[in-house]
Each structure stands twice: as C-alpha cells, then as structure tokens.
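Assemble the whole structure, with the sequences as input and the hints as a guide.
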Amino acid sequence: MESTFLSLSNTFIFIAFLILLIALLPLGISIKSKSESKKYEKLAIWMIVIAFILELAYFIMRWLATGHAPVSNMYEFIAMFSIMLIGGFLITYHYFKTKVFGLFAIPVSLLLLGYGSLFSTDVQPLIPALQSNWLAIHVITVTLSYGILSMSAVAGLIYLIKAIPADENSWRARWLEAVMIAILTVVMYMVTTVFMQNIIGYNDEFYYTDQQGQQVIAEYHLPSLINYNDAIPVEHVGNNEYEPVDHFHLGIDLPPVIKAHTLNTVVWSIIIGLITYGIVRLIIRKRLFSLVKPLTKKADLALMDEIGYRSVIIGFPLFALGGIFFAAIWAQIAWSRFWGWDPKETWAFITFMFYTIFLHLRLNRGYEGEKSAWLAVGGFILILFNLIAINLIVAGLHSYA
Amino acid sequence: MELKEIKCNHCGHVNPPGTQLCQSCGKMINEDYDKKKIKDLMRYDGSAVRSKVRSQSIFDKIWNFFTSIKVGVGIIAIIAIAAAIGTILPQEYFIPIGADPLQHYTEQYGTFGTLYYKLGFTQLYSSWWFVLLMGLLALSLIAASVDRGVPLYKSLKNQRAKKHASFFKRQRLFKEYESNENAQALAETFENKKYKLKTDGDHYLLEKGRLSRWGPYINHTGLIILLAGSMLRFFPGVYIDEIIYAQEGETVSIPTTDGQYYMRNDGFTLDTYDEDAGTVFDQSLQNNMEMTISNFQTDITMFENKTADIVGSSPDLEEIENYSIRVNHPYYFDDYELYQSSYDNSQMKSMTFRLEDSEGNVLGENFTVGLDDPADSYEITEDITINMKAYSPDFLEIDENGTLISETPVPTNPAFVFEVAAGDTSELSLLQIMNSTDITQDNEYSIKFVEAEEHMASVLTLKKDLSMPIIATGFVIFLIGLFIGSYINHRRIWINAEGDTMKIAAHTNKNYFGLKKEMNAALASYDLPEVFDKQEKEENDKMKG
Numbered sequence: 293m294e295s296t297f298l299s300l301s302n303t304f305i306f307i308a309f310l311i312l313l314i315a316l317l318p319l320g321i322s323i324k325s326k327s328e329s330k331k332y333e334k335l336a337i338w339m340i341v342i343a344f345i346l347e348l349a350y351f352i353m354r355w356l357a358t359g360h361a362p363v364s365n366m367y368e369f370i371a372m373f374s375i376m377l378i379g380g381f382l383i384t385y386h387y388f389k390t391k392v393f394g395l396f397a398i399p400v401s402l403l404l405l406g407y408g409s410l411f412s413t414d415v416q417p418l419i420p421a422l423q424s425n426w427l428a429i430h431v432i433t434v435t436l437s438y439g440i441l442s443m444s445a446v447a448g449l450i451y452l453i454k455a456i457p458a459d460e461n462s463w464r465a466r467w468l469e470a471v472m473i474a475i476l477t478v479v480m481y482m483v484t485t486v487f488m489q490n491i492i493g494y495n496d497e498f499y500y501t502d503q504q505g506q507q508v509i510a511e512y513h514l515p516s517l518i519n520y521n522d523a524i525p526v527e528h529v530g531n532n533e534y535e536p537v538d539h540f541h542l543g544i545d546l547p548p549v550i551k552a553h554t555l556n557t558v559v560w561s562i563i564i565g566l567i568t569y570g571i572v573r574l575i576i577r578k579r580l581f582s583l584v585k586p587l588t589k590k591a592d593l594a595l596m597d598e599i600g601y602r603s604v605i606i607g608f609p610l611f612a613l614g615g616i617f618f619a620a621i622w623a624q625i626a627w628s629r630f631w632g633w634d635p636k637e638t639w640a641f642i643t644f645m646f647y648t649i650f651l652h653l654r655l656n657r658g659y660e661g662e663k664s665a666w667l668a669v670g671g672f673i674l675i676l677f678n679l680i681a682i683n684l685i686v687a688g689l690h691s692y693a
Numbered sequence: 002m003e004l005k006e007i008k009c010n011h012c013g014h015v016n017p018p019g020t021q022l023c024q025s026c027g028k029m030i031n032e033d034y035d036k037k038k039i040k041d042l043m044r045y046d047g048s049a050v051r052s053k054v055r056s057q058s059i060f061d062k063i064w065n066f067f068t069s070i071k072v073g074v075g076i077i078a079i080i081a082i083a084a085a086i087g088t089i090l091p092q093e094y095f096i097p098i099g100a101d102p103l104q105h106y107t108e109q110y111g112t113f114g115t116l117y118y119k120l121g122f123t124q125l126y127s128s129w130w131f132v133l134l135m136g137l138l139a140l141s142l143i144a145a146s147v148d149r150g151v152p153l154y155k156s157l158k159n160q161r162a163k164k165h166a167s168f169f170k171r172q173r174l175f176k177e178y179e180s181n182e183n184a185q186a187l188a189e190t191f192e193n194k195k196y197k198l199k200t201d202g203d204h205y206l207l208e209k210g211r212l213s214r215w216g217p218y219i220n221h222t223g224l225i226i227l228l229a230g231s232m233l234r235f236f237p238g239v240y241i242d243e244i245i246y247a248q249e250g251e252t253v254s255i256p257t258t259d260g261q262y263y264m265r266n267d268g269f270t271l272d273t274y275d276e277d278a279g280t281v282f283d284q285s286l287q288n289n290m291e292m293t294i295s296n297f298q299t300d301i302t303m304f305e306n307k308t309a310d311i312v313g314s315s316p317d318l319e320e321i322e323n324y325s326i327r328v329n330h331p332y333y334f335d336d337y338e339l340y341q342s343s344y345d346n347s348q349m350k351s352m353t354f355r356l357e358d359s360e361g362n363v364l365g366e367n368f369t370v371g372l373d374d375p376a377d378s379y380e381i382t383e384d385i386t387i388n389m390k391a392y393s394p395d396f397l398e399i400d401e402n403g404t405l406i407s408e409t410p411v412p413t414n415p416a417f418v419f420e421v422a423a424g425d426t427s428e429l430s431l432l433q434i435m436n437s438t439d440i441t442q443d444n445e446y447s448i449k450f451v452e453a454e455e456h457m458a459s460v461l462t463l464k465k466d467l468s469m470p471i472i473a474t475g476f477v478i479f480l481i482g483l484f485i486g487s488y489i490n491h492r493r494i495w496i497n498a499e500g501d502t503m504k505i506a507a508h509t510n511k512n513y514f515g516l517k518k519e520m521n522a523a524l525a526s527y528d529l530p531e532v533f534d535k536q537e538k539e540e541n542d543k544m545k546g
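Chains as they are written, first to last, in the working numbering: chain S, 293 to 693; chain L, 2 to 546.
Note that these hints are calculated values from the structure, not bench results.
Note that beta-carbon positions come from the ideal geometry of N, C-alpha and C, so glycine has one too.
Accuracy of the hints is not assured; some may be wrong.
[What the hints assert, rightly or not] Pair by pair, the computed Cβ-Cβ distance ranges are: (1) 464(S) with 202(L): 49 to 59 Å; (2) 518(L) with 327(S): 55 to 65 Å; (3) 578(S) with 59(L): 54 to 64 Å; (4) 104(L) with 502(S): 12 to 22 Å; (5) 313(S) with 119(L): 47 to 57 Å; (6) 457(S) with 536(L): 47 to 57 Å; (7) 78(L) with 327(S): 45 to 55 Å.
[Unchecked claim] Using 27 Å as the maximum straight-line C-alpha spacing, the simulated DSS-like pairs for lysine-lysine come out as follows: (8) 590(S) with 535(L); (9) 28(L) with 350(L); (10) 330(S) with 517(L); (11) 389(S) with 538(L).
[Said to hold, decoys possible] Which bits of chain S does chain L cover? Going by a derived footprint, with three or more residues having C-beta under 8 Å, they are: (12) 421-435; (13) 596-603; (14) 607-618; (15) 636-648; (16) 656-669.
In structure tokens, the structure reads:
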C-alpha cells in the first residue's frame with residue numbers, strides 16, 4: 293500500500309513538472325498577443341491550477357507513504373518551496389490578475405524542483421531529532437512564507453525590468469544586468485549539473501583527507517579544476533574498494549577547510565554562465581534584460597510596487613511565526629535551547645532583520661517604487677542563500693535541510 | 002527658537018507646537034516644517050512629533066538620535082552584518098570540547114583563523130559589543146515608539162468629521178462631484194461595510210481598522226520585553242545549564258537542587274532502523290553505509306529526598322515518577338527540564354582474564370576484575386591465587402618506586418600488576434590493554450586477556466530557564482502586533498456634502514488598491530464616477546516622461 297502511494301506521488305510531481313513546463317507556452321502567447329481574447333490565458337491558468345493540485349497530491353501521497361510530512365530532507369524541502377512558489381503565484385493572480393508573474397515564477401519553481409532532485413529523492417525514515425509534529429508545522433509555515441516573499445521579488449524584478457531603460461548608461465542598469473547574469477549562471481549551473489550528473493553520468497572520484505583527518509571520497513560530476521591537497525584519483529571497484537586511476541585534473545589544490553568539490557562546481561557554473569552570457573550578448577548586441585523587457589510591457593508599475601509591498605507584509609509575519617517562533621519552540625524541545633546561533637538560525641535571523649529594514653525604509657523613509665523593488669530582489673537572494681548555500685558551505689545542526 | 006502653540010486660522014483650534022495639519026480640521030497650519038524630515042504628512046496625521054520639533058538641549062539631541070529611523074535601521078543593519086560575520090567560521094561552542102581555541106583555529110584555518118579568534122569573532126554573539134548593540138536597539142525601539150505613538154494616538158482620538166478643503170486635496174484618493182444628493186446614502190453604504198460613522202452637519206467621517214495603527218507600537222513593546230527578558234540571564238539562578246552523567250543503574254543527585262532531587266538511570270537504549278523491514282524506507286537504509294538511528298532513550302526514576310533540609314543526614318529517597326527521556330521528549334519537573342543529550346560507552350566496567358601455564362593450558366576459571374572497585378585477590382584453583390598488587394585506571398607510567406601512575410581516575414586505559422601465587426612461588430607481571438610484561442624472570446604462568454565490558458552511560462542536559470516565559474511572552478506580543486499591523490488596514494473616508502457639491506477623500510495606511518476597489522464598488526451603485534488616484538497617475542506619468 294505504502295509503496296503504491298509512493299510511486300503515485302512520484303508520478304504526480306513528474307506530471308506536474310511537465311504540465312508547468314508546457315503551460316509556459318500558452319502563457320507566453322497570451323502575454324505577447326495583442327488580441328483581447330483570454331483563451332490562452334485561461335488555458336495557461338487552468339494548466340497551472342491542475343499542476344498545483346497534482347503537486348499537493350504528491351505531498352499528501354508521500355505523507356501517506358512515509359507517515360511523516362515530506363519535508364524532512366533537502367529534496368523534500370526544496371520541492372515544498374517550489375510548490376509554494378506556484379501557490380504564491382496563484383494567490384497573486386487571484387487578486388491582481390498578473391499573468392506575467394507566471395513567466396518568472398514558474399521557471400524559478402521548475403529550476404528549484406530540478407535542483408532539488410539532484411539530492412537523494414528516496415524517502416528516508418526520521419532520525420530522532422526530526423520525530424516531532426513541529427517538523428510539519430515549522431517547515432510548512434516557513435516554505436509558505438518563502439513562497440509569498442518570493443512574489444515580492446518577482447514583482448520587484450518586473451518593476452526594474454520595465455522601469456530601467458536597457459540602453460541606459462547607469463549603475464542601476466548595470467546592476468540589473470548583473471542580476472540577470474546571476475540568474476543565467478544559476479540556470480546554467482542547474483542545467484549543467486543535471487546534464488553531467490544524470491544524463492552523461494560523469495563521475496570522477498578522488499580520495500583525500502578531510503578536515504577531521506578522515507579518509508573520504510569526493511565525487512566530481514564536472515572535470516576537476518580545483519581539488520584537495522594530495523587528492524588521489526581513484527575508481528570504485530566494488531565492495532568499498534578503490535583503485536588509483538587517471539582522472540583529469542587542472543592542478544589547483546586547496547586545503548580541506550574549503551570544500552573544493554563544491555567550489556569546483558561553482559567555478560564551472562561561473563565559467564559556463566559567463567560564456568553563455570558572452571554568446572547571447574554577441575548575438576543580440578543588447579543587454580540581456582532587454583530580451584525579457586517586452587514581456588513587462590503591459591505591467592502596471594504602481595501595481596507591481598503594491599504587490600511587492602503587500603507580499604512582504606503578508607509573508608514577513610508568517611516568516612516570523614514559522615521561521616523564528618515555531619523554530620524556537622521546537623529547538624527548545626529537541627535541542628534544549630530555543631536559540632543557539634547555529635548558522636541556519638543566524639541566517640534566518642539575518643533574513644528577518646533584512647525585511648525589518650525593508651519595512652522601516654519603506655514606511656518611514658519613502659523607499660517606494662524602484663528602491664523597494666531592489667530590496668525585494670535582495671530579500672529573495674538572501675532566502676536562496678539560506679536555503680542552499682548555507683547547507684552546502686557550513687555544517688550546522690540543520691545538516692539534513 | 003521659541004516654540005509656540007499654533008492656533009488654526011480656519012477653525013480656531015489650538016494645536017501643540019510643531020503640528021503641521023490642524024488636529025481639528027486638517028488644514029495646513031505650519032508651512033515651514035522640514036520637508037526633508039517629514040515625507041508623508043499623513044503618516045502621523047500631521048501631528049507634532051517631538052523629535053521633528055525640538056533639537057535644542059542635549060536631551061533633545063540624544064532623543065533625536067535614538068528616535069531617528071536612519072539610526073534605528075543602521076543599528077539593525079550592523080547587527081545583521083555582525084551576525085553574518087559570526088557564521089564565517091564555527092563559533093567556539095561548536096569546536097571539540099577541551100581543545101585550545103587559539104590552537105584549534107590556527108591549525109584549522111591558518112592565519113585567517115588566528116585573526117578571527119583574536120578579533121573575538123569566535124564568541125561574537127556573547128561579546129560585549131554585540132550585547133551593547135542589542136541594548137542600543139532596545140533604546141531606539143523605546144524612543145521611536147514613544148516619540149511617534151503618543152502624538153498619533155492623540156491625533157486619532159481627537160479627530161473630527163469636518164475637514165478643511167485643502168485636507169481633501171492632500172489625500173491620495175480624492176474626487177469632487179457636482180451633486181451631493183447621494184452623500185447620506187453613500188455614508189450608510191460604507192457603514193454597512195463595517196465602517197464607523199461620525200457626522201458633523203454635512204460632514205461625514207467613516208473609519209475602520211484603527212487597531213492596525215497600533216500594530217507597530219504593540220510589536221515594538223513585545224520586542225522590548227523580549228530584549229529585557231534576555232538580559233535576565235545575567236542574574237544568578239535564572240539560567241541553569243548542566244550536564245548529568247549517569248551510568249546504567251547509577252543513582253545521581255541532580256545538580257543545583259541542593260540534594261532535593263535524585264535520578265536513577267534505569268537503562269539506556271539505542272535503536273536503529275531495520276534495513277529489511279519491508280517498508281518504503283528499505284532502499285535508502287540499504288544505501289546508507291551506517292545504521293540509521295531511530296531512537297535514543299534513557300529510562301529514569303526520579304526521587305525526592307525527604308531529608309534534604311536536614312544537614313548531614315543521609316538521603317531518604319522517595320520515588321516520584323518513572324519516565325523515558327527521548328529526543329524531543331524531555332522530562333519536566335519543578336522549573337527544570339531533562340533532555341537526552343548523548344551517551345558514553347568509553348568507560349570500561351570490567352576486564353576478564355584467564356590463567357595459562359607454560360604449555361598454554363588454561364587453569365581454573367576465568368576471573369573478572371571490576372574496574373570501579375576491584376577486589377584484591379582471585380582464587381583460580383585450590384592452590385593458585387592471583388593477587389592484585391597494583392592498579393591504575395588510566396595508565397600513564399611506572400614511577401621510580403614501582404607504583405603505577407594514573408592520568409585520570411576514569412577507567413579508560415587500565416593497567417594492573419598481578420601476582421600469581423602458587424604454593425611458595427610468586428610471579429609478578431604487568432598487564433595492560435594489548436600488552437603484558439613479565440616483571441619477575443622466567444615466569445611459568447601467564448595471564449591472558451579474554452574480554453572487556455563497557456559501562457553504558459547516559460549524558461543528559463539539565464536546563465532551567467526562568468527568563469523563557471518572559472522572552473516567549475515578548476515574542477508573542479511582537480507577533481500579535483506584527484499581524485495586527487500587517488493584516489488589518491486602517492481606512493478612513495471623508496465626505497464633505499456642504500453646499501451643492503460633494504467631495505470624497507480617503508486615506509489608508511496600506512493597500513490603496515483594496516480601498517479604491519471598495520469605494521468604487523459603492524460609488525458605482527449610485528452611478529458615480531470612480532475616485533482619482535493621485536499616485537497611480539504620477540507613476541505612469543513618470544514612465545511616459
């Protein structure tokens with residue numbers, strides 16, 4: 293019975309992924325078309341609604357299969373965030389009929405889901421620290437608030453793309469272009485990793501001594517540019533036995549304090565991202581954001597500003613509730629202290645402080661429109677940083693997600 | 002500059018110094034306010050905000066410093082940046098217990114690590130300057146809330162329905178109509194939408210959700226309580242954080258309770274998931290090299306000492322309760338909590354040996370030496386006895402006069418000198434883990450190690466935190482204020498039906514789109530044109546221009 297639920301759940305999210313991908317087509321047509329007909333828009337929205345329902349079904353089925361809320365590891369957590377992004381879009385659309393949001397929110401949601409599936413998608417039983425009802429309460433509130441806060445960044449990005457002339461010789465235009473390059477780099481990172489790891493199956497193994505003096509294996513899914521001091525290229529010959537072989541290695545060696553294989557991926561992403569950017573620039577001979585600018589033509593700036601602000605005042609209290617308060621209650625029960633400045637906790641605190649600054653600047657110092665849009669985009673970068681980078685770079689108590 | 006009260010030349014109301022909009026009729030009465038300091042007159046309803054009015058005395062200057070939003074945001078930003086710096090390297094409480102911090106950071110992170118340690122960033126969150134920043138934040142919260150909250154409260158409490166024509170034009174949503182025939186009906190329509198109506202002749206004021214305006218002051222109050230509560234930990238007795246180490250079967254006194262409470266460790270359990278249980282988890286469990294732990298548990302019996310207050314008496318323990326402490330399921334008693342922290346099986350409980358003769362034949366029974374309180378002699382056969390001449394629980398070296406030196410009293414690396422006494426002969430040998438050395442020459446007998454048994458000990462965390470209820474209350478108040486301020490909208494609609502025309506203006510602290518929608522729906526039911534949104538026009542003009 294449980295395994296039926298599980299395979300159903302996996303099928304549901306896969307179909308949802310495909311539907312969302314296809315829905316971009318009618319959505320794009322409805323935004324570009326000049327006719328008054330709402331045929332394509334309706335089709336796109338219905339597809340997104342169905343995909344969202346399938347994603348909720350994934351969630352329920354996986355819960356039924358495992359007996360615990362499917363938010364207990366990196367894959368499940370990122371998938372949840374990606375589902376909440378679609379939820380956030382549907383809520384925003386319901387109130388403001390902002391279809392253009394979908395063209396930004398859906399690709400981000402799909403990329404996140406793709407990225408999440410790079411981690412193990414197996415269902416895992418709960419370790420003692422996670423065996424608590426607070427797991428579901430805490431994580432669902434946090435991801436919901438992330439989904440809503442992300443809408444503020446989408447609104448901000450649309451605002452900036454529309455308000456800033458693509459040929460303007462100014463810092464704001466350069467910064468916006470930098471944001472676009474960053475997005476492109478992240479996209480290229482995800483595409484390359486999925487391609488190299490899941491399709492090509494590139495896997496070079498290196499044997500090295502880590503910080504604690506333990507002998508461990510690093511898996512390189514991209515050719516090694518940067519490696520650990522005294523790393524030996526090896527190959528798994530089965531039964532936990534390794535034999536030295538030859539692997540490509542450029543020759544940069546770093547001490548084990550730095551996670552060289554993560555840094556290697558980051559360096560590759562930047563190289564591939566910049567090369568792709570260079571090629572695109574050569575072809576279009578304009579700034580990258582001028583490509584997406586036509587999509588924002590019909591966007592109403594005052595409405596974008598309003599959505600950007602309202603998403604923050606709706607999402608921020610939820611974040612304070614789920615990300616700080618519920619988190620503190622659970623931390624007290626599980627770890628005997630409600631606050632301990634663990635890296636993940638600290639970055640939740642920083643995110644909290646950032647949105648506090650956002651609200652004070654907006655309410656008291658008139659940071660509306662463009663300034664507010666920049667801050668909203670910055671907030672999303674912080675959320676992504678806390679979601680992804682903290683787990684990859686530093687090891688804290690939140691080692692599972 | 003002399004600060005004078007301002008009498009409104011329109012309605013005659015006397016306003017406190019520094020007021021911009023007459024608190025009675027809303028007419029601009031103070032043209033020369035600092036436009037740089039006050040961007041939105043309606044934010045505090047044009048009332049006099051102390052910090053924007055006085056800047057003469059030293060107190061004024063200090064007051065203005067802490068009430069400044071710029072300063073407040075600056076403090077928040079510095080705290081956030083400092084917090085981020087603290088995550089670059091692990092804080093000191095995350096490094097291995099007992100390691101020398103300077104040495105650890107230098108070895109692990111090189112020069113950067115040394116510098117990071119020397120700058121005090123390894124204990125950043127408890128450093129004096131981080132605590133000071135939190136204190137400054139508290140001052141800023143108090144000052145800013147009083148500075149703006151009090152005049153806003155007065156202004157909203159005393160507001161009247163009748164407003165000057167210029168006040169109408171000042172509002173973001175505004176519209177003039179040529180006929181006033183629907184004014185009364187319109188006001189009633191809004192009343193049905195839960196607006197509170199206040200009339201003054203032909204003037205109407207409709208208001209709802211004023212509570213929303215107190216949200217920021219409620220949440221700031223909560224934060225001040227929280228910050229004050231977190232300072233309570235500096236008082237002795239408020240915060241207790243102890244480790245309890247109890248071997249299986251051992252009864253220990255609970256620290257800091259003055260011998261009033263005791264607990265017995267009835268057994269520690271460590272369970273793992275079964276890889277072949279036939280569940281959906283089998284695959285991931287099999288992929289994982291190590292066993293996945295499903296449960297840590299210490300069964301305890303709690304005792305209260307009936308003679309705790311009698312000095313020098315031996316404890317008279319009365320059983321209170323049995324409980325199984327697990328992760329996520331601490332045991333609560335009095336103001337204390339007991340948490341499952343970890344376990345320890347590094348201490349040895351006993352070692353078992355056997356005696357062999359020179360041909361390797363085992364003689365008699367194996368003998369077991371209890372390491373906590375070892376016996377002096379062990380009878381092997383009728384004529385052979387083994388006597389323990391020396392014992393060191395954690396062997397370091399042999400000193401000059403032949404005794405064994407122990408590094409610690411904990412049995413982790415035991416060593417013995419045994420004498421095998423058979424009739425008249427006596428042989429001595431030194432036994433350690435993995436090693437045995439003859440002391441006397443040409444020994445006929447040899448003692449061989451058979452097995453060792455470890456103590457299983459639970460490590461529990463004892464916590465008491467009297468500041469927690471205050472901190473929790475503060476945060477709950479903060480959340481309530483935050484939700485009130487964010488989820489409720491304060492909406493006011495003014496209708497002036499004097500003469501033959503009708504003016505409508507509206508203000509809200511947020512969500513003008515919602516207010517506009519609500520108003521336009523009501524206006525449409527009387528076939529009246531929609532209200533005009535000043536800001537929307539400005540935004541779109543900016544784009545065209």
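Exercise. So which of the earlier hints does this model not fit?
Worked result: Structure breaks hints 2, 6, 9.
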